[in-house]
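Student: Those protein sequences? They're chains E and S, same order as listed.
Here the working numbering = 1-based position in the first sequence + 1180.
Here the working numbering = 1-based position in the second sequence + 423.
These aren't lab readings, by the way, just hints derived from the structure by calculation.
A virtual CB, placed ideally from N, CA and C, is assigned to each residue, including glycine.
Careful: at least some of the hints might be erroneous.
To be verified - Pairwise CB distance ranges (calculated):
| # | chain 1 | residue 1 | chain 2 | residue 2 | range |
| --- | --- | --- | --- | --- | --- |
| 1 | S | Val-1030 | E | Lys-1360 | 23 to 31 Å |
| 2 | S | Val-1030 | E | Asp-1300 | 44 to 52 Å |
| 3 | E | Glu-1308 | S | Val-759 | 44 to 52 Å |
| 4 | E | Asp-1300 | S | Ala-980 | 22 to 30 Å |
| 5 | S | Ala-980 | E | Ser-1345 | 44 to 52 Å |
| 6 | E | Asp-1273 | S | Glu-704 | 32 to 40 Å |
| 7 | S | Val-759 | E | Ser-1183 | 55 to 63 Å |
| 8 | E | Val-1346 | S | Ala-980 | 40 to 48 Å |
| 9 | S | Ser-969 | E | Lys-1360 | 14 to 22 Å |
| 10 | E | Asp-1300 | S | Thr-1003 | 18 to 26 Å |
| 11 | E | Lys-1360 | S | Phe-549 | 51 to 59 Å |
Stated by the list, open to error - Footprint (simulated), chain S over chain E, 3 or more residues, beta carbon under 8 Å:
| # | stretch |
| --- | --- |
| 12 | 1316 to 1324 |
| 13 | 1331 to 1344 |
As the list claims (entries may be wrong) - Here are the simulated EDC-like cross-link-like pairs (lysine to aspartate or glutamate), alpha carbons at most 16 Å apart as the crow flies:
| # | chain 1 | residue 1 | chain 2 | residue 2 |
| --- | --- | --- | --- | --- |
| 14 | S | Lys-1031 | S | Asp-979 |
| 15 | E | Lys-1214 | E | Asp-1347 |
| 16 | S | Lys-806 | S | Glu-942 |
| 17 | E | Lys-1313 | E | Glu-1323 |
| 18 | E | Lys-1214 | S | Glu-597 |
| 19 | E | Lys-1214 | S | Glu-428 |
| 20 | S | Lys-810 | S | Asp-831 |
| 21 | S | Lys-657 | S | Glu-704 |
| 22 | E | Lys-1305 | S | Glu-442 |
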Amino acid sequence: MSSEGISKFDLVIAGVGGQGTILASDIIGKAAVKGNMSVRAAETHGMAQRGGSVVNHIRLGCELGSMIPMKGADVLLALEPSEALRYLEFLSDDGTIIVNTDPILPVTVTSGLCTYPDVDAIISKLEETHKVKAFNATELAKEAGHPQSMNVVMVGAVSNYLPISVDTMLECVKELVPPKTIDINAKAFEMGRNIAQE
Amino acid sequence: MSTREYMLGNVAIARGIVEGGGQVISGYPGTPSSEIIGTLAGMKERDFYVEWSVNEKVALEVAAGAAMTGVRSVVTMKHVGLNVAADPLLTLAYTGVKGSMIIIVADDPSCHSSQNEQDTRRYSQFSLIPCLDPCTPQEAKDMIPYAFEFSNKVQMPVIFRPTTRISHGKSDVELGPVNETRPAAEFVKELERWVMVPKNARVQHPHLLELQKDILNELENSPWNSLELSDGAKVGVIASGIASVYAKEAIIKQGINASFLKIGTYPVPENKIRTLMENSERIIIFEEMEPVVEEQVRIIAQETGSNVEVIGKLQGPVPRIYELNTDICSDVLADVLELERPDVPAEVAEDFDYDRCRIDLPMRPPVMCPGCSHRSTFHVMKKVYGKDAIFPSDIGCYTLGIQSGTVDTTLCMGGSITVASGMYQAGEKKPICCSIGDSTFFHTGMNGLLNAIYNKADITVTIVDNRITAMTGHQPNPGMGKLVTGEETSEVDLEALCKGLGAGFVETADPYDLKQTEEVFKRAKEYKGTSVVITEQLCVIDAKRSGIRRTPFTIDAEKCTGCRLCVNLGCPAIEFDTNTRKASINAMCTGCGVCAALCKFDAITEVKK
Ligand code: SF4
Ligand code: SF4
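Make a model of the complete structure from these sequences and hints.
Tutor: Shown next, in the form of structure tokens:
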């Protein structure tokens, strides 16, 4: 867990290059500043962006470095199920996992080099050790109007946990998504927020 | 109104350049440094000149020239780029500057996207040019206006060394005022200073050494170094740059009573180190990469006859490889101070045991994009030259072609053609076909091509021309006829350029047209001497941004025999179902049509509207 004098809330966002992890982390980072909180974040750039596995760290109320120590995160937000497992070492023992159950197959799988584990097996594995909120965020995003809003569904879901007001969060969603998609994303945010409350 | 903004470290650095009144900014893209110039070029109201140069040596010389006229200049690059610029750098230390000049060199501990993890502070020691080492994006921004002032005061360039976690970290940043004064450019002839013939250089070298005292005195008391002596502490911790926030967190976390010296400048603050030494029995040093500070501390300890115990990288336990983090610092502190070990020792992090999860995760390596033209170039290249041919390559997106079996070497920017030549001249009999991107070719590939042709190397040089510098984030280059600001400029004719360098065989192919590309490669292979094949097709990301829409393709399951020919192409949009033994195409398809040309059973066709 985030500790006193260092950080108020530590969040790890895991996903695949192209899923919009940076936008998700930007919404939260910007909202934190609006909420008058210091914030540190680290993200994956360059090589790894091209369809590779990516991880972002965000520390709210933190004046030090952006990297969350092992077993330090309060929440692990996984935009893809296998990526939740890949970065599990960052989550504290009493942390929560919010995970999108819609898998993205890496080329190693599509070309038959590796196999992709059964999604249900991944979820039950995660549940053995942690609190888990699992749902198909991609489907929800489609319902909201566009599958690409999946990252905003996930931001909505994690908003239940962050020390930032919902209004500020929603305001930042609207500021950062393309103007034409504001309504879709506002809806996506609400849907994510609701499903993680259940 | 709040002047606090959430921004990327590189954006904060760009802001620092604006606040400090930068006037001429040049650079060559390289992760993690690229966004600095990108940000400056994107600013609407701009009262500075900004350019992407063709390589780091050129960029550094442009900035140096500007600073010789008395203005404030900046050059940006990544650590390996400084090797390219090392030649002018070392002499620039002798001449110094008249205005101000900041040399921004981003280091990449852990090689997140680099071919080595060299430490730029070594160049600072080597060249005797002072260096600033920020610990947060905020400090990075604040250091830049200071660096301009300082550089002007001592009439020397200043190296500024952010690391990946600063450049690509994000944070809330408090903005400062913008310096509105703009010294006018005026070059004053001073032959003894600007013309480094031996007679003048001999005089400048002692001057440079003399200057070190002033530099040290100035930096010692700058805000970037701070010493906190703690009552009753027997342990002193020294940490520099970003390692200082990691070390601080580890100290707080474990509730250790230690004096703390934070270092942000080189030469290091010797007096502060001496004071800490007098107040400690043991000193533990954390710094990213090489033991630069540690060596200085050991020298000072020897000079002063201090018997303080110095603990760092040289005899362990602080690792000299990869990047540091809070866990490593915690672990080292626990080890040295014989505290209870923290929850998760750093070794666990090193090789996190996935078996612990008892689920095998598929590897997810970065790959070339769906529809990337490099993939088809490599496919044809391998077909024509054969599996046993040698394929030296270079640095760019196409390095990801390692999965296609057509990247056998990657040494440095521009190293593909020269390595290929060397292999041929050594007597290698196998066919040699190297690959290099357009931007890399303009960077340092041209010289290699000239050399290969002149010395009669019988090799094929493939310029994979996607009309942009894609890997570092889509910067324009001389092949595009566009400046960083979007303004139009003359466009280089690659074919004419290669012919001008003396190439007897130069042909251009469209890599989406497999047949045509194959024929061109066959002719190139036949050609005795250095042949040049240019495979030209827009980067798919860039094509999409400029509004090009192609119809995606689909696979007719009836016709698909499961031969896997298309799957072996390695396009992320093609999937293979091991149960039904059929291939299919997913939503990522960009409609390049290359797989359709491969299928012998006509199973792949455009999606019907
Ligand atoms: S047409 Fe084929 S090779 Fe090209 S992007 Fe689509 S699936 Fe990939
Ligand atoms: S090349 Fe044609 S037949 Fe072979 S797997 Fe691909 S679609 Fe099926």
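Student: Each of the hints needs a verdict: does it hold here or not?
Tutor: Against the structure, the hints come out as follows:
At about 25 Å, the CB distance of S:Val-1030 to E:Lys-1360 agrees with the hint of 23 to 31 Å. At about 32 Å, the CB distance of S:Val-1030 to E:Asp-1300 disagrees with the hint of 44 to 52 Å. Separated by about 36 Å at the C-beta atoms, E:Glu-1308 and S:Val-759 break the suggested range of 44 to 52 Å. Evaluation of the 22 to 30 Å hint for E:Asp-1300 and S:Ala-980 yields a pass: the beta carbon distance comes to about 26 Å.
The given range of 44 to 52 Å is respected by S:Ala-980 and E:Ser-1345, whose C-beta atoms sit roughly 51 Å from each other. In this structure, E:Asp-1273 and S:Glu-704 meet the distance hint of 32 to 40 Å, their C-beta atoms being roughly 36 Å apart. Between S:Val-759 and E:Ser-1183 the CB atoms are about 21 Å apart, so this pair departs from the stated range of 55 to 63 Å. Between E:Val-1346 and S:Ala-980 the CB atoms are about 46 Å apart, so this pair conforms to the stated range of 40 to 48 Å.
Checked against the given bound of 14 to 22 Å, the beta carbons of S:Ser-969 and E:Lys-1360, roughly 19 Å apart, stay inside it. Distance hint check for E:Asp-1300 and S:Thr-1003: the Cβ-Cβ separation is about 21 Å, which falls inside the suggested range of 18 to 26 Å. Taken as a hint, the range 51 to 59 Å holds for the pair E:Lys-1360 and S:Phe-549, whose Cβ atoms sit roughly 53 Å apart. Chain S is given as covering the stretch 1316 to 1324 of chain E, and this is violated because 0 residues of the stretch bring a CB closer than 8 Å to a CB of that chain, at least three being needed.
Closer than 8 Å: that is the beta-carbon criterion, and the stretch 1331 to 1344 of chain E has 0 residues meeting it against chain S, so the requirement of 3 is violated. At roughly 12 Å between alpha-carbon atoms, S:Lys-1031 and S:Asp-979 fall within 16 Å of each other, so this suggested pair holds. The hinted pair formed by E:Lys-1214 and E:Asp-1347 meets the criterion: a straight-line CA distance of about 11 Å does not exceed 16 Å. Pair hint S:Lys-806 plus S:Glu-942 holds up; C-alpha atoms about 11 Å apart against a cutoff of 16 Å.
Between E:Lys-1313 and E:Glu-1323 the CA atoms are separated by roughly 19 Å; this puts the pair beyond 16 Å, and the hint is violated. Between the alpha carbons of E:Lys-1214 and S:Glu-597 the distance comes to roughly 13 Å, so the proposed pair stays at or under 16 Å and holds. Annotation: proposed proximity of E:Lys-1214 to S:Glu-428 holds, straight-line Cα distance about 9 Å (limit 16 Å). Between S:Lys-810 and S:Asp-831 the CA atoms are separated by roughly 11 Å; this keeps the pair inside 16 Å, and the hint holds.
Annotation: proposed proximity of S:Lys-657 to S:Glu-704 holds, straight-line Cα distance about 5 Å (limit 16 Å). Taking the CA atoms of E:Lys-1305 and S:Glu-442, the gap is about 51 Å. The hint is violated against a cut of 16 Å.
The structure fails hints 2, 3, 7, 12, 13, 17, 22 (numbered hints given earlier, in ascending order).
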